[in-house]
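Peer 1: Here's the letter readout for the chains.
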Amino acid sequence: MSFVNRCNCVLFFLCLLFFAAVSGAEEASSPYADSRNKQLQNQVDELNTQIEIRKMEAEALKSAIKEQQEQIDGLKSNIASVYKQTISDAGLIEKYKLGNSVYLQSAYYDLSRENNLTDDKSSDNAFTNQLDIKISGQPSDEIQFHATMSMYKLWGAWNTPGDVMSSDFSYSGKPSDAGVKIKKGYVDYRPEWLGQAVNLSFGRLPTSDGYLTTYRYNRPVQTSYPDLSFNAESDGIGLTFYLETPIAKSFNLIYARSEDDTDSSPFQKDAQGLEDIDFYAAQANGELPFLDTTLFSFQWLRVDNIRPTGDDLIRDMIAFYQLPITSIVFPDQLGCVDKLTFQMDNDRLFDLPVDVFASVSWSSTNTSKDQVIVNGQPFNPAMLPPALQGYTRYLYLLSPDNQESHEGYGVYAGMRYNFESDALRNPKLGFEYFTGSKYWVGLSIAATDPYQKLNTRGDVFEIYYIQPFVEKMLQMRTGYQVIQRDYTESLMAGLYGPATTADEDDTLFYLSLDFLF
Amino acid sequence: MTSIKKAAHIVIFLTLVLLFSTGAWAENKKIDFEHSVCFRCHQTDDFKPSDKTEQQWRMLIEKNGHDILKKIVWEFPGQKEQILDYLVKHAGGSGAEGIGVWH
Numbered sequence: 001m002s003f004v005n006r007c008n009c010v011l012f013f014l015c016l017l018f019f020a021a022v023s024g025a026e027e028a029s030s031p032y033a034d035s036r037n038k039q040l041q042n043q044v045d046e047l048n049t050q051i052e053i054r055k056m057e058a059e060a061l062k063s064a065i066k067e068q069q070e071q072i073d074g075l076k077s078n079i080a081s082v083y084k085q086t087i088s089d090a091g092l093i094e095k096y097k098l099g100n101s102v103y104l105q106s107a108y109y110d111l112s113r114e115n116n117l118t119d120d121k122s123s124d125n126a127f128t129n130q131l132d133i134k135i136s137g138q139p140s141d142e143i144q145f146h147a148t149m150s151m152y153k154l155w156g157a158w159n160t161p162g163d164v165m166s167s168d169f170s171y172s173g174k175p176s177d178a179g180v181k182i183k184k185g186y187v188d189y190r191p192e193w194l195g196q197a198v199n200l201s202f203g204r205l206p207t208s209d210g211y212l213t214t215y216r217y218n219r220p221v222q223t224s225y226p227d228l229s230f231n232a233e234s235d236g237i238g239l240t241f242y243l244e245t246p247i248a249k250s251f252n253l254i255y256a257r258s259e260d261d262t263d264s265s266p267f268q269k270d271a272q273g274l275e276d277i278d279f280y281a282a283q284a285n286g287e288l289p290f291l292d293t294t295l296f297s298f299q300w301l302r303v304d305n306i307r308p309t310g311d312d313l314i315r316d317m318i319a320f321y322q323l324p325i326t327s328i329v330f331p332d333q334l335g336c337v338d339k340l341t342f343q344m345d346n347d348r349l350f351d352l353p354v355d356v357f358a359s360v361s362w363s364s365t366n367t368s369k370d371q372v373i374v375n376g377q378p379f380n381p382a383m384l385p386p387a388l389q390g391y392t393r394y395l396y397l398l399s400p401d402n403q404e405s406h407e408g409y410g411v412y413a414g415m416r417y418n419f420e421s422d423a424l425r426n427p428k429l430g431f432e433y434f435t436g437s438k439y440w441v442g443l444s445i446a447a448t449d450p451y452q453k454l455n456t457r458g459d460v461f462e463i464y465y466i467q468p469f470v471e472k473m474l475q476m477r478t479g480y481q482v483i484q485r486d487y488t489e490s491l492m493a494g495l496y497g498p499a500t501t502a503d504e505d506d507t508l509f510y511l512s513l514d515f516l517f
Numbered sequence: 518m519t520s521i522k523k524a525a526h527i528v529i530f531l532t533l534v535l536l537f538s539t540g541a542w543a544e545n546k547k548i549d550f551e552h553s554v555c556f557r558c559h560q561t562d563d564f565k566p567s568d569k570t571e572q573q574w575r576m577l578i579e580k581n582g583h584d585i586l587k588k589i590v591w592e593f594p595g596q597k598e599q600i601l602d603y604l605v606k607h608a609g610g611s612g613a614e615g616i617g618v619w620h
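Residue numbers (the working numbering), protein chains in the order written: chain A, 1 to 517; chain B, 518 to 620.
A portion of the hints provided could be inaccurate.
[Said to hold, decoys possible] With the C-beta cut set under 8 Å, the calculated list includes, among others, these residues of chain A facing chain B:
id, residue
1, PHE13
2, LEU17
3, SER81
4, ILE87
5, ALA90
6, ARG190
7, ALA197
8, ASN199
9, PRO220
10, GLY238
11, SER250
12, LYS428
13, PHE431
14, THR478
15, VAL482
Don't read these hints as lab results, they were simulated from the structure. In this text the structure is predicted, and so the values were computed from the model without any measurement. C-beta atoms are modelled at their ideal positions from N, C-alpha and C, and glycine is treated no differently.
Work out the full structure, taking the sequences as your base and the hints as a guide.
Peer 2: Laid out in structure tokens, this is it:
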């Protein structure tokens, strides 16, 4: 190809390019293109707007989610608060026993007595109803109140407490009539201004029904007094000091009084009035951390100014039989009794299904040597008709003449096996042993078991079985006691009269239905 | 000494043997609770079993009420029953009475 042809071709190609560029420029600057651009621009703007809207919606959603999360958190917190309150209320209702609680026991007893010295044998049986209605409350952290109203009677019996010679110590602990007696009624005051480290108790105190009886009756503990020390109703006042030590947990100082039973003028010295009996107790309570936190208590008890008993009856007897007695003077007091008692117990010892307890007590009488003076001379029962001489047997403190003081001891131990079977409702099988010496003074005056076994001067064995029907509400108890008496018990749980040699075997079979609520 | 008295003494003796011979094992069992799942979150002085009644412990543990506050992740089967059993046995407010006794 020639040079000229090549130039023509290049020029032709450039012309094509020029026309194509001009044609494109014309097309871009046409009205259609403007419209298209605007349309696209609008679309872009709209999209931007939608993006902004979406952004705002996303922000709103975030805010709503945050708000809802806060509401959920608040709801959770409220539910937790309500649940905590429910838990608290459940505890309060259970703790305060708002209103009352009830213990009802219907029992059958089959008793037999065999005197090996005289070969006398006797037997009897009895049905009893015992009802305890409890009212308690804890209106503040500083104050709590407990009261127990009690009825204890033989089925169908209409004896009054006077008929059965109940003393104030056992006014509701001895079967009598269908009347309700106040067994306990006391207030505990634990002031905050003393850091709640001291407690004042006053009223009719919880000193009856026993502590270790919780095992064989399978009901809550009724008193903090050791069983071998004192089991009787009493009116008094007590101070408790709470201790923060690994072993000692609290310390009690208690004072109670028993007025002269012949005092017909409550607020005036009676002409024939005798001394009031004073009770002093000091008790340490704690736990033994090295022995599976076994609970223990150690108590010193003094029963002071013990007055003669039945002096009013003797005066009535003298008048009734017109005995040749011109003057009779009873001593104001016969002496005192001291008791030292140590008791320990453990539920589920070492997490085994076994509950155990053991207690030992020492008792000592200290007579004043004062005697009843009749016609200016020490009283001699021989001056009475033979039929009346027996009534004077229990005139003095653990002796026939108030001249000798004596020491005695008691040992009480037991174990209870818990069958861990839900199918059988967790029944229990227990065994107890007690021994008391010749001059043992039990002071188990208000015990509700027919033989009041802890007053025995001899040996006592008991085996029992507890079958719950509805756990902690309804149960059946059955058991068998064997009592081998070596000495007579004398009057008022060993307090009055001499301990004379005996050889008696007593047995007791019992079956009861107990309701607790 | 009568045979029944001998039997009683044997029972008491065996109880004492049981009491002392199982001491070490029992201590181990106690340590189990003190190092149990409860104390993954709680401090040892946060609570005592006697702070709550049996019914409260049953609501919290047996009926999973605690999960409302915080879910408990049990470490092994049977631990829940074990812990509940311990708490119930040592629960407060049993209805016991006595001079200066509070729950």
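Peer 1: It remains to establish, for every hint, whether it holds in the given structure.
Peer 2: Now the hints, each set against the structure:
1. PHE13: violated, 83 Å
2. LEU17: Because about 79 Å separates A/LEU17 from the closest Cβ in chain B, which is outside the 8 Å limit, the hint is violated.
3. SER81: violated, 10 Å
4. ILE87: Constraint on A/ILE87 satisfied, holds at 5 Å.
5. ALA90: OK, holds: A/ALA90 within 8 Å of chain B, min 5 Å.
6. ARG190: It holds, given that the least Cβ distance between A/ARG190 and chain B is near 7 Å, below 8 Å.
7. ALA197: Violated. Min distance 11 Å.
8. ASN199: holds, 4 Å
9. PRO220: holds, 4 Å
10. GLY238: Holds: closest Cβ of chain B sits about 5 Å from A/GLY238, inside 8 Å.
11. SER250: holds, 6 Å
12. LYS428: For A/LYS428, the interface hint is violated, since the closest Cβ of chain B sits about 14 Å away, which is over 8 Å.
13. PHE431: holds, 6 Å
14. THR478: violated, 19 Å
15. VAL482: The hint holds - A/VAL482 has a Cβ within 8 Å of chain B, the shortest such distance being about 6 Å.
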